[in-house]
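Visitor: Turn these sequences into a full structure, and let the hints steer you where they fit.
Protein chains in written order, with this note's numbering: chain A, 46 to 289; chain B, 23 to 212.
If you are wondering where the hints come from, they were derived from the structure by calculation, not from laboratory data. Some hints could be false.
As the list claims (entries may be wrong) - Quick partial rundown of chain B residues pointing at chain A, CB under 8 Å, derived from the structure:
(1) P26
(2) P134
(3) R155
(4) D164
(5) E165
Claimed, not checked - Derived list of chain A stretches under chain B, where covered just means 3 residues or more per stretch with a C-beta under 8 Å from a C-beta of chain B:
(6) 86-98
(7) 222-236
(8) 245-258
Beta carbons: idealized from backbone N, C-alpha and C, even for Gly.
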Amino acid sequence: MSETTTGRQVPGYRRDPPGSQPPYLFPDYRSTRLRAPSRPLVLLPHTLTEVTGPLLGEDRLGELDHDLTRQHQGEPHGQRIVVSGRVLDGDGRPVPNALVEVWQANAAGRYAHEVDQHPAPLDPNFSGVGRCLTGADGGYRFVTVRPGAYPWRNHDNAWRPAHIHFSLFGRAFTQRLVTQMYFPGDPLFPLDPIFNSVPDEAARQRMIARFDPDATVPEWALGYRFDIVLRGRDATPLDEEDDR
Amino acid sequence: MTLPPTPSQTIGPFFALPDPAAMTWPDGPYVVAEGTPGAFRLEGRVLDGAGEPVPDGLVESWQADPDGRFAHPDDPRGAVARPGFRGFGRCATDAGGRFWLLTVKPGPVPAPDGRSQAPHIALSIFARGLNQRLVTRVYFADEPAANAADPLLASLPEAARATLLAAPTGGGYRFDVHLQGDHETAFFDV
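Guide: This is the structure:
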């Protein structure tokens with residue numbers, strides 16, 4: 046039967062190494078306490094449902110979605126920056142034509158969201174929302190302003206380090222990733238339970254962009270480089286995965 | 023060359039920036055276009071460990087078409103694109119933790135062992151307080167024969183299996199997601 050053959054031909058994706066992903070329950074991050082599942086996850090062998098995924102293309106993009114500084118009449122306040130990098134899989138292969146979505150606070154640390162009511166100014170020229178597709182080399186590029194740190198009520202005098210939220214689809218359901226990009230040298234890192242929910246120090250460093258002189262545009266904007274790695278393909282066919 | 027993965031972080035409370043819409047698209051919940059034959063609403067709530075609604079969650083879905091095919095080049099039977107069928111949906115939860123998707127029932131999808139998987143929809147749940155997404159599957163309570171033959175469902179204890187069955191309502195299905203507690207939904211390590 047053709048379906049039989051079909052199921053066996055599609056390799057799954059490698060699972061993440063221990064320590065590289067944050068646990069669901071991380072009590073220092075208070076919101077995890079009532080939202081983390083209490084039972085262990087059930088291992089799901091990858092089937093066609095998981096090795097495929099939405100391939101969302103150009104029809105999702107507006108002309109200025111990649112430039113968060115040009116979405117309104119005037120320019121937003123703050124330091125203009127260029128954030129660029131490549132989306133790769135765990136084997137170092139580019140992930141082309143994949144949707145990248147970003148959102149962030151403005152330069153004063155305020156989100157244009159009704160839930161954020163802390164006393165920092167909104168910027169009528171900044172929405173904080175961007176989208177782009179990766180190129181053939183997995184590359185992406187956004188123009189934006191550097192977001193400010195902002196207070197939250199997780200613990201006494203809690204402040205989030207400046208960050209930009211990233212959402213990536215890759216090309217398979219297993220590759221879906223939502224993460225946050227941080228800026229180098231932020232003094233708030235040791236105090237932030239969200240950043241520190243990732244157990245492995247080297248893994249935490251992978252969420253920090255680096256200053257990129259090559260992406261810096263003279264007289265105009267600082268450049269930051271943030272490469273993102275999604276999962277790589279498993280070498281073993283699906284049916285052998287069950288035997289591990 | 024093997025590269026270690028970029029870690030996941032919570033989606034946080036502010037992904038639904040309104041203008042332009044960030045992670046919530048105006049057409050987000052439409053896995054199929056309105057008026058598609060067989061279309062129904064899959065509705066539910068996301069609840070926390072205290073039974074309180076999660077008002078700042080994002081639910082995403084991925085599924086095969088009614089023939090069990092994926093519009094994707096890695097479907098070895100060939101990518102099949104159905105007009106008006108996206109296969110993907112997303113919906114932010116409202117103040118009551120409610121979400122909905124307009125979709126059609128997927129066909130059976132081959133399993134790795136050559137058997138057939140019962141019709142199912144893969145769901146990702148993102149929210150403040152979830153350091154990684156949670157993944158679960160929606161199966162359909164009115165497919166008892168297919169469900170009984172499904173290799174994944176068969177591997178689960180009865181109580182866990184029951185959390186994955188969407189209940190038929192008048193013209194649609196209901197599927198609640200319990201993040202934690204006595205009614206906790208079965209979640210998967212993908």
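Visitor: State for each hint whether it applies.
Guide: Hints, one by one, checked against the model:
no. : hint    : in the structure
1   : P26     : holds, 6 Å
2   : P134    : holds, 4 Å
3   : R155    : holds, 7 Å
4   : D164    : violated, 20 Å
5   : E165    : violated, 16 Å
6   : 86-98   : holds (count 13)
7   : 222-236 : holds (count 4)
8   : 245-258 : holds (count 5)
In this structure, the hints that do not hold are numbers 4, 5, in rising order.
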